[in-house]
Amino acid sequence: MDELDKKLTSLFDGKVVRKDLVHRIKKGTNVPTFVLEFLLARFCASDDPTEIQAGMEAVLDTLNENYVRPNEANAAQSQVATKGKHRFIDKVHVNYVEKDRKHWAALENFDSRRVGISEKHYRDTDRLLHGGLWAEVTIAFNEIEDDGYTFYVEDLRPIQLSKFDFERYR
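For any residue, its number in this note's numbering is found by taking its place in the sequence shown, counting from 1, and adding 41.
Treat the hints loosely; a few may be bogus.
Unchecked claim - Result set (EDC-like, lysine to aspartate or glutamate): computed pairs, CA atoms no more than 16 Å apart in a straight line:
no., residue 1, residue 2
1, Lys143, Asp188
2, Lys47, Asp89
3, Lys126, Glu106
4, Lys126, Asp89
5, Lys124, Glu139
6, Lys132, Asp89
For the record, the hints were derived by calculation from the structure and aren't laboratory data.
Use the sequences and the hints to build the structure in full.
Written out as structure tokens, the structure is:
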């Protein structure tokens with residue numbers, strides 16, 4: 042890593058991504074590039090080859106454990122029903138359903154359109170209401186049968202930034 046790379050990495054910790062690592066992982070996965078970049082920034086923010094290798098393994102493990110492939114939706118739903126909750130990486134939308142007078146989350150690859158969600162999540166991240174965004178989302182199983190929904194969003198951490206806070210870096 043040259044001096045400029047080191048300076049950028051120290052100033053923008055967790056935001057600088059080595060594109061060569063993206064290309065190495067991208068070959069074997071069918072995951073959006075920015076999801077890989079998010080994970081690489083989290084796990085490979087180093088210039089030490091040993092740490093980078095461990096980070097690459099952590100990225101692959103995270104994808105295997107948490108990324109829902111569209112053809113695995115039923116298995117993912119079963120996993121939540123069995124374990125009680127699980128964290129996934131998926132695209133999340135929130136829609137207001139007039140008939141229900143309620144907002145519902147929809148997860149694309151998890152393939153569920155009626156997921157309970159707290160108002161806090163879509164008020165804090167308004168992009169959920171405008172086309173959705175990719176996020177790390179903890180889905181929990183709703184034990185109360187009379188509620189009319191099986192799953193709910195327990196926690197949500199956006200992967201896509203809806204806006205960049207320049208002031209934070211001045």
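Do the hints match the structure? See the list:
1. Using a Cα cut-off of 16 Å, the hinted pair Lys143 and Asp188 holds, with the two alpha carbons roughly 12 Å apart.
2. With a CA separation close to 12 Å, the supplied pair Lys47 and Asp89 stays within the 16 Å bound.
3. As the CA atoms of Lys126 and Glu106 are separated by approximately 13 Å, the hinted pair is consistent with the 16 Å bound.
4. Of the supplied pair hints, the one linking Lys126 and Asp89 is violated, its CA atoms being roughly 35 Å apart against a limit of 16 Å.
5. In summary, the hint linking Lys124 to Glu139 is not supported, as the alpha carbons are separated by about 32 Å, beyond the 16 Å threshold.
6. A hinted pair counts as satisfied when its Cα atoms are at most 16 Å apart, and Lys132 with Asp89 does not qualify at roughly 32 Å.
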